[in-house]
Amino acid sequence: MYLLSRYYSSSLDPFSPENPLIFGAGLLTGTLGFGSRINITAKSPESGHLGDSSMGGEFGAELVKAGLSHLVITGKSKNPVYLLIRNGEIEIRDAQKLKGLDTVETQKRIRIELGDEKVRVACIGVAGENLVRYAAIRSGMKNAAGRTGMGAVMGSKNLKAVAVRGTLDIRISEPEKYLRYYLNTLKKLMETKWAQALGKFGTPLLFKYANAMGILSVRNNQLTTVGDRGHHLEAEALEPYSTGMLSCFACPAHCRHRFSIEEGRYKGTKGEGPEYASIGSFGTKLGNLDLENIIYAVELCNHYGLDTISTGSYIAWAMELYQRGIIDQERTGLPLVWGDGDSVIELIHLIANRKDFGDILAEGPFAKKVFGEPSHDYLLEVKNFPIEMTDERLAKSFALGMATSTRGACHMRSRPSLDILGLPEEVLKKIYGGSVNNNFSSYSGKGRMVWWHELLNAVSDALGVCRFLTVFSSPHALQYRQFSRLISLSTGLNLRAKDLKTIGERIYTLERMMLIKDGFSRHEDTLPERYFSEPVPEGPARGEVILREEFDKMLDEYYRLHGWNQNGVPKRTTLKRLEIDR
Amino acid sequence: MRIKVDKKKCSGCHLCEMVCSLFHLGVINTEKSAIRIQKDDLDSSQNIPILCNQCKEMKCLNGEEVREGFEKKRFIWDRKRAERCPFDALTVFGENAYHCDLCGGTPQCVKVCTPKALRISKSRIQFPAMSLLACLTASVASSP
Chain Z
1 MYLLSRYYSS
11 SLDPFSPENP
21 LIFGAGLLTG
31 TLGFGSRINI
41 TAKSPESGHL
51 GDSSMGGEFG
61 AELVKAGLSH
71 LVITGKSKNP
81 VYLLIRNGEI
91 EIRDAQKLKG
101 LDTVETQKRI
111 RIELGDEKVR
121 VACIGVAGEN
131 LVRYAAIRSG
141 MKNAAGRTGM
151 GAVMGSKNLK
161 AVAVRGTLDI
171 RISEPEKYLR
181 YYLNTLKKLM
191 ETKWAQALGK
201 FGTPLLFKYA
211 NAMGILSVRN
221 NQLTTVGDRG
231 HHLEAEALEP
241 YSTGMLSCFA
251 CPAHCRHRFS
261 IEEGRYKGTK
271 GEGPEYASIG
281 SFGTKLGNLD
291 LENIIYAVEL
301 CNHYGLDTIS
311 TGSYIAWAME
321 LYQRGIIDQE
331 RTGLPLVWGD
341 GDSVIELIHL
351 IANRKDFGDI
361 LAEGPFAKKV
371 FGEPSHDYLL
381 EVKNFPIEMT
391 DERLAKSFAL
401 GMATSTRGAC
411 HMRSRPSLDI
421 LGLPEEVLKK
431 IYGGSVNNNF
441 SSYSGKGRMV
451 WWHELLNAVS
461 DALGVCRFLT
471 VFSSPHALQY
481 RQFSRLISLS
491 TGLNLRAKDL
501 KTIGERIYTL
511 ERMMLIKDGF
521 SRHEDTLPER
531 YFSEPVPEGP
541 ARGEVILREE
551 FDKMLDEYYR
561 LHGWNQNGVP
571 KRTTLKRLEI
581 DR
Chain U
1 MRIKVDKKKC
11 SGCHLCEMVC
21 SLFHLGVINT
31 EKSAIRIQKD
41 DLDSSQNIPI
51 LCNQCKEMKC
61 LNGEEVREGF
71 EKKRFIWDRK
81 RAERCPFDAL
91 TVFGENAYHC
101 DLCGGTPQCV
111 KVCTPKALRI
121 SKSRIQFPAM
131 SLLACLTASV
141 ASSP
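If you're matching them up, the sequences are chains Z and U in order. Letter by letter, the first sequence follows residues 1 to 582 of our numbering. Letter by letter, the second sequence follows residues 1 to 144 of our numbering.
It should be emphasised that the hints constitute simulated quantities derived from the structure, not laboratory data. Hints are not guaranteed to be accurate.
[Stated by the list, open to error] Keeping only pairs whose Cα atoms sit at most 16 Å apart, straight-line, the calculated EDC-like set for lysine to aspartate or glutamate is:
| hint | chain 1 | residue 1 | chain 2 | residue 2 |
| --- | --- | --- | --- | --- |
| 1 | U | Lys111 | U | Asp6 |
| 2 | U | Lys56 | U | Glu68 |
| 3 | U | Lys116 | Z | Glu191 |
| 4 | Z | Lys118 | U | Glu95 |
| 5 | Z | Lys200 | Z | Glu234 |
| 6 | Z | Lys517 | Z | Glu425 |
| 7 | U | Lys111 | Z | Asp581 |
| 8 | Z | Lys208 | Z | Glu176 |
| 9 | U | Lys59 | U | Asp88 |
| 10 | Z | Lys108 | U | Asp43 |
| 11 | U | Lys39 | Z | Asp116 |
| 12 | Z | Lys78 | Z | Glu18 |
| 13 | Z | Lys118 | U | Asp40 |
| 14 | U | Lys80 | U | Glu65 |
| 15 | Z | Lys270 | U | Asp40 |
| 16 | Z | Lys76 | Z | Glu113 |
| 17 | Z | Lys99 | Z | Glu113 |
| 18 | Z | Lys97 | Z | Glu113 |
| 19 | Z | Lys78 | Z | Asp94 |
| 20 | Z | Lys270 | U | Asp43 |
| 21 | Z | Lys108 | U | Glu31 |
| 22 | U | Lys111 | Z | Glu191 |
| 23 | U | Lys116 | U | Asp6 |
| 24 | U | Lys80 | U | Glu95 |
| 25 | Z | Lys118 | U | Glu71 |
| 26 | U | Lys39 | Z | Glu18 |
[Stated by the list, open to error] Chain U regions said to be covered by chain Z (calculated; three or more residues, Cβ under 8 Å):
| hint | region |
| --- | --- |
| 27 | 25 to 31 |
| 28 | 71 to 79 |
| 29 | 106 to 118 |
Ideal Cβ positions, reconstructed from N, Cα and C, are used throughout, including at glycine.
Working from the sequences, and respecting the hints, build out all of it.
As structure tokens, then:
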């Protein structure tokens, strides 16, 4: 984020050669750091603002093994190229033959060309080449820096892939103590119910809870549950397709499914996933309960290099416009009826190849210009970035987190979910350092909660530690104290828990300053109109709506804790304290 | 004693490789580990952990006048021994082969293997069972 902030301006065109595409491995990536993630950052062509996406798998660790932690790529090549990095040496290679290949085939061809099966590749597919504004960068069968269109930035540079191979030692400051501490921490983490459930079912386990609570996006958030029909999409329904669980590099939780569809229309489809976010985005959000169709749609997106959450969200938007007669089949060329999985598949092909109606949807939120004013309110977005597979009218901390997230609507920027566990308020007070109501539909203390999680998550991203192993779903999972020990024993850097929290503040306020440059303030820290004006019509969350007055109180508390003024602008004293005033 | 592998359970996290190099060398380097995960990550997603089987008859030492008991406790071997192994079980990096010395009795890789693909077994593989296993390993390695 620091690197992006050096380049960022409101006039920076995301598709211009000057927009930096930044690969940043975490400080603990490549070590026993509980996941080994990498952040990919640039100005987003999807939202037009701050872009940032975290990717798991092995690519980040391989970059570190090759002796690098960060890449800053600017400029634009005349012809398609890929970067090859081997133990610190960087080479630009011709990628003409890779043009038009999907994301898995691209990786295979590069390995064949280099004669090395251990090369790790991050690449774009056809969607990135065609500058679909929400194109992803992909690595392996499933890993994606999916959100905010980083693949489109890569495509704009004519950069098809980055291939990495590293065999260097990662030196450890205190090896014996480090290993001992790691084993101890690992044991405690794997004893948590959350880690065990995650290891068995993966993120699809969340679907059942979201559906039962009424916090799912159904038909573009016109509804928030599908009731008993949700059984079709629960984690247990995926079991027949699962052929085992997989891990990212250095992750003990193994939350990823490997799957294969053995019969029926989609016979022969195999891969990894799908995650809860993709099931929601191509499932309930589109009124679709055909699990095999969803799996196929997700796999298609993976091969094209499309972000599944955004793709599902823009299709949901189009479906609601179709439902309301704002667009018709003359424009769409397809019947965009809720639950029509065949149309969804066809649309994915059209979007990735920018053909017909797909060329309009490939513009993401910028398609508003084409659809006109009546369409605007039906694209549920925050900061020009679409709401995901959930509905936040019931869980108020999530609602605030969506509104304040620096990359636009995002449930992972804060992921304030500890109040869903029904923990005693004394426990929450101890964690958050102030009162937080333990009822997730209460507004009380939720500004504090979101603030606290934003800081912690900024730090875990900077370290490359996976969110799923941190404190958001279990109070016994990792947070500052464990981070501090892992950093000190592996790198020798002495960063106390409170130092790390300050670093979290620095990162988040730095991100905020980029948004301020774009002219954002309190006015943009808001939610889709539907959340304020349409109570949830049925299901367990029936009647829930966001009350503006209460929402404003949460924002006030949130700004105060961040050290920002009541308009959401960081105070001069805050910038000075965080040493980002220059 | 040896480490028994259930490859179906392997999640491919590489933690075993990492702690192996860390325990023996004080660095993390998955290339310098006595266990290695053979991956088919762009197709079947199958992972195969490979390491020394602790054979009773050590073909890897053929032609050498060394004490088996002593060599068994050594982690870094010459790569020539890897070439003699009927299972291709030793990791080779540069001029070295990395051999499982069972961490002196408490294998670290087993401790970090959360899917339980690695287990400690008291039994040893003996020929002809070994020959059969070698054939199977070879056929897996050569299958497309």
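Do the hints match the structure? See the list:
At roughly 15 Å between alpha-carbon atoms, lysine 111 of chain U and aspartate 6 of chain U fall within 16 Å of each other, so this suggested pair holds. The suggested pairing of lysine 56 of chain U with glutamate 68 of chain U holds, with an alpha-carbon distance near 10 Å, which does not exceed 16 Å. Simply put, lysine 116 of chain U and glutamate 191 of chain Z have alpha-carbon atoms about 15 Å apart, close enough for the 16 Å limit, and the pair holds. A C-alpha spacing of about 19 Å is found between lysine 118 of chain Z and glutamate 95 of chain U, which places the hinted pair above 16 Å, so the restraint is violated.
With a C-alpha separation of about 13 Å, the suggested pair lysine 200 of chain Z and glutamate 234 of chain Z falls inside the 16 Å cut-off, and the hint holds. For the proposed pair lysine 517 of chain Z and glutamate 425 of chain Z, the alpha carbon gap of about 38 Å is over 16 Å, so the pair is violated. Between the alpha carbons of lysine 111 of chain U and aspartate 581 of chain Z the distance comes to roughly 47 Å, so the proposed pair goes past 16 Å and is violated. Of the pairs offered as hints, the one joining lysine 208 of chain Z and glutamate 176 of chain Z is violated, with about 42 Å between alpha carbons and a cut-off of 16 Å exceeded.
Restraint check: the Cα-Cα separation between lysine 59 of chain U and aspartate 88 of chain U comes to about 11 Å, which is no more than 16 Å; the hinted pair holds. Annotation: proposed proximity of lysine 108 of chain Z to aspartate 43 of chain U holds, straight-line Cα distance about 9 Å (limit 16 Å). For the suggested pair lysine 39 of chain U and aspartate 116 of chain Z, the alpha carbons sit about 12 Å apart, so the restraint of at most 16 Å is met. Distance restraint check for lysine 78 of chain Z and glutamate 18 of chain Z: the Cα-Cα separation of roughly 15 Å lies within the 16 Å cut-off, and the hinted pair is therefore satisfied.
A C-alpha spacing of about 10 Å is found between lysine 118 of chain Z and aspartate 40 of chain U, which places the hinted pair at or below 16 Å, so the restraint holds. For the hint pairing lysine 80 of chain U with glutamate 65 of chain U, the CA-to-CA distance comes to about 14 Å; that is within 16 Å, so the pair holds. Distance restraint check for lysine 270 of chain Z and aspartate 40 of chain U: the Cα-Cα separation of roughly 13 Å lies within the 16 Å cut-off, and the hinted pair is therefore satisfied. At most 16 Å may separate the alpha-carbon atoms for a hinted pair to count; lysine 76 of chain Z and glutamate 113 of chain Z exceed this at roughly 23 Å.
For a cut-off of 16 Å, the pair hint linking lysine 99 of chain Z to glutamate 113 of chain Z stands: about 15 Å separates their Cα positions. Under the criterion of a C-alpha separation no larger than 16 Å, the hint pairing lysine 97 of chain Z with glutamate 113 of chain Z is consistent with the structure, at around 11 Å. About 11 Å separates the Cα atoms of lysine 78 of chain Z and aspartate 94 of chain Z, which keeps this hinted pair within 16 Å; it holds. A distance of roughly 9 Å separates the Cα atoms of lysine 270 of chain Z and aspartate 43 of chain U; the hinted pair therefore holds under the 16 Å criterion.
Distance check on the hinted pair: lysine 108 of chain Z and glutamate 31 of chain U sit about 21 Å apart at the alpha-carbon level, beyond 16 Å; violated. The straight-line distance between the Cα atoms of lysine 111 of chain U and glutamate 191 of chain Z is roughly 14 Å, inside the 16 Å bound, and the hint therefore holds. For the hint linking lysine 116 of chain U to aspartate 6 of chain U, the alpha-carbon distance of about 8 Å falls within 16 Å, and the restraint holds. About 9 Å separates the Cα atoms of lysine 80 of chain U and glutamate 95 of chain U, which keeps this hinted pair within 16 Å; it holds.
Restraint check for lysine 118 of chain Z and glutamate 71 of chain U: not satisfied, since their Cα atoms lie roughly 30 Å apart, outside the 16 Å limit. Taking the CA atoms of lysine 39 of chain U and glutamate 18 of chain Z, the gap is near 38 Å; set against the 16 Å cutoff, the hint is violated. Only residues whose C-beta sits within less than 8 Å of a C-beta in chain Z count toward coverage, and the region 25 to 31 of chain U has 7 of them, enough to reach three; the restraint holds. Beta-carbon proximity to chain Z at under 8 Å applies to 0 residues in the region 71 to 79 of chain U; the threshold of 3 is not reached and the given coverage is violated.
Here's how the region 106 to 118 of chain U fares: 5 of its residues keep a CB closer than 8 Å to some CB of chain Z, so the rule of at least three is met and the hint holds.
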